[in-house]
Amino acid sequence: MGYRVFRVLGARRSGHHAIITWLIRQSPGKVIFLNNLEAIGSGRPYRIEGEEAVEADESYLHSQGSPEVFQREQRLRTVIYNFEDYGIAELLNLKARMPTPDDKPTQNILVLRDPLNLLASRVKKYRRTGALGMISQPFIEHYLEWCRAAAAGELPFENAIVVNFSLWVISKTYRADLAAQLSLHFTDEGLNEVRCRGSSFDGFQYNGRAQEMKVLERHEQMMADKIFLNIVCTYEKEIRVVMETLFSAFPAKST
Numbered sequence: 000m001g002y003r004v005f006r007v008l009g010a011r012r013s014g015h016h017a018i019i020t021w022l023i024r025q026s027p028g029k030v031i032f033l034n035n036l037e038a039i040g041s042g043r044p045y046r047i048e049g050e051e052a053v054e055a056d057e058s059y060l061h062s063q064g065s066p067e068v069f070q071r072e073q074r075l076r077t078v079i080y081n082f083e084d085y086g087i088a089e090l091l092n093l094k095a096r097m098p099t100p101d102d103k104p105t106q107n108i109l110v111l112r113d114p115l116n117l118l119a120s121r122v123k124k125y126r127r128t129g130a131l132g133m134i135s136q137p138f139i140e141h142y143l144e145w146c147r148a149a150a151a152g153e154l155p156f157e158n159a160i161v162v163n164f165s166l167w168v169i170s171k172t173y174r175a176d177l178a179a180q181l182s183l184h185f186t187d188e189g190l191n192e193v194r195c196r197g198s199s200f201d202g203f204q205y206n207g208r209a210q211e212m213k214v215l216e217r218h219e220q221m222m223a224d225k226i227f228l229n230i231v232c233t234y235e236k237e238i239r240v241v242m243e244t245l246f247s248a249f250p251a252k253s254t
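Counting from 0, one number per residue, gives the positions in the sequence shown under numbering that gives the first Met the number 0.
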């Protein structure tokens, strides 16, 4: 039996790991998830979900031909891998180093979070870790570039869809429609899991009840933060356009 490939694109702190966890739980059988890929042999970890869990060096996946782990895993049903914080041009240059065989069609999924809550989460996270370069101009320009491409319907990959993180969080109907679009059996399992490095604000304390987190209100907690306010003021025009074109309307409660 063949397997499916999902490539998830998104900024760090965009909520894409929550969506990846949900994708894993909607996918039958064995799933391999390769996290935060950069290049072949970069040492990024991967996990096999389903019947077992494994951590290994990414270089293990690659041989001169097809990745040997995919050849060996006869029960494999789904491969999910993600790229974080890449601009469009950078990501196009990585196409030659994608980790799955060329004959496997890939479903591309771009996850977009609204700019105010994305910035709030990144400022909260990277001030704590001392990595304030993660909220610098290159990241913001890359994010705006993806937003413009999404709004214009001009994503640079075939077979690509956009997932609005706000809608995904609050609307069961939206999640069910997304599962149908991806030809997945909708169970909504994984929705309340908190994985990877956890929330910038809450860590892992809401694991098992992630829907209780105020992920659409993070910016309200940062309105006295000078770094956050400086970025919002600098990019006020661009943020307004993104909010109006991509995030202007979503339900006030779950549907």
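Please keep in mind that the hints were generated in silico from the structure rather than gathered at the bench. Do not take every clue at face value.
Unchecked claim - With a straight-line cut-off of 30 angstroms between C-alpha atoms, the simulated DSS-like cross-links for lysine-lysine are:
1. 123 with 225
2. 236 with 225
3. 225 with 213
4. 171 with 213
5. 225 with 171
6. 171 with 124
7. 225 with 124
8. 29 with 123
9. 124 with 236
10. 171 with 123
11. 213 with 123
12. 236 with 213
13. 225 with 29
Against the structure, the hints:
1. 123 with 225: With Cα atoms ~12 angstroms apart, residue 123 and residue 225 stay inside 30 angstroms; holds.
2. 236 with 225: holds, 18 angstroms
3. 225 with 213: holds, 21 angstroms
4. 171 with 213: Judged against 30 angstroms, a Cα distance of about 17 angstroms means the pair holds.
5. 225 with 171: Not satisfied, since the Cα-Cα distance of roughly 36 angstroms exceeds 30 angstroms.
6. 171 with 124: Holds: residue 171 and residue 124 sit about 28 angstroms apart, inside 30 angstroms.
7. 225 with 124: holds, 15 angstroms
8. 29 with 123: violated, 35 angstroms
9. 124 with 236: Measuring from Cα to Cα gives roughly 25 angstroms; hence the hint holds.
10. 171 with 123: holds, 28 angstroms
11. 213 with 123: holds, 14 angstroms
12. 236 with 213: The hint holds at about 25 angstroms.
13. 225 with 29: violated, 46 angstroms
The structure does not agree with the numbered hints 5, 8 and 13 stated previously, though it agrees with the rest.
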